[in-house]
Amino acid sequence: MPVKLLIVFYSRTGSTEKLAVAAAEAARADGAEVRLRRAREVVPASVLDKAPDWRKQADRMNGLYPEPETDDTLWADAILFGTPCYFGAMATELKAFLDQLGPQWKKGELAGKVGGAFASVSWPHGGSEVVTLSLYAPMAHLGMIIVPTGYTDEVMLEAGSPYGASTVVGAENRPPREEDLAAIRHQGRRMVKIAAALAAGDAATG
Numbered sequence: 001m002p003v004k005l006l007i008v009f010y011s012r013t014g015s016t017e018k019l020a021v022a023a024a025e026a027a028r029a030d031g032a033e034v035r036l037r038r039a040r041e042v043v044p045a046s047v048l049d050k051a052p053d054w055r056k057q058a059d060r061m062n063g064l065y066p067e068p069e070t071d072d073t074l075w076a077d078a079i080l081f082g083t084p085c086y087f088g089a090m091a092t093e094l095k096a097f098l099d100q101l102g103p104q105w106k107k108g109e110l111a112g113k114v115g116g117a118f119a120s121v122s123w124p125h126g127g128s129e130v131v132t133l134s135l136y137a138p139m140a141h142l143g144m145i146i147v148p149t150g151y152t153d154e155v156m157l158e159a160g161s162p163y164g165a166s167t168v169v170g171a172e173n174r175p176p177r178e179e180d181l182a183a184i185r186h187q188g189r190r191m192v193k194i195a196a197a198l199a200a201g202d203a204a205t206g
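Once you know that position 203 of the sequence shown is 203 in the UniProt record's numbering, the rest is easy, because the numbers rise by one and skip nothing.
The hints are simulated quantities; they were obtained by calculation from the structure and are not laboratory data.
Every clue listed holds true.
Think about it this way: if two alpha-carbon atoms lie no more than 25 Å apart in a straight line, the pair counts; the simulated DSS-like pairs of lysine-lysine are:
id, residue 1, residue 2
1, K56, K95
2, K18, K56
3, K4, K106
4, K193, K4
5, K95, K50
6, K18, K95
7, K4, K18
8, K95, K106
9, K107, K4
10, K18, K193
Assemble the whole structure, with the sequences as input and the hints as a guide.
If you want it as C-alpha cells, here you go:
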C-alpha cells in the first residue's frame, strides 16, 4: 500500500504554496498518494481587501486546492504542516484548522501518524525555526510521531533548519531558492520513508 501524505498549508502570497507543491511532487515521485490542502481565510472581506493582491491570491489558490477537512487527517499516514511566519507565530488560518482537531485528539485518531512542519519568512531572522517548532506542540498533543529533517541530507546544510524546511523571501517576495526547494523535497521524501518504515514494522508485528 502506498503511503498517504497530507500536506496542509496556508499561503498568502504563494511562497509557502511553492514549498508545499515541491514536497508533494517529491513524495509522489517516491510512490506516495498526496493530498494538498490550503487552509482558508478567517478574516472578513474588508480586511482581505486592504492588503495588495490578498483576495486575488486567495481566490487563485482556493481554486487549486480544496479546504482541509478533519477527515483528511484520518485518511493520512503522515501530515506535513506549512505556514508563513507572522510575528513569530503560525498563520491564524492554519491554527484555526488545528483547533478543529479536538474530536480526533479525544479519540486518539491521529496518534502514531508521522508529522512534520515547514515555514516561510520575510527576513533571515524572521522566526522560521520558532514557528516550525511551535507546530511540534499540537502534533505532540495529538500523539503524532514528529519527524524533523535533521541534517539527514547535504541539502539541509544549505537551507531550512534541522526542524524543517523553510524559505526567506524578502520584501520583494522572491520565489524560494533552488536550495530551499531541495530541502522541502528531501523533507517530503523523508516523511514518506519514515511512514513506510513504521507501516512495515506494524505489519511485521501485527
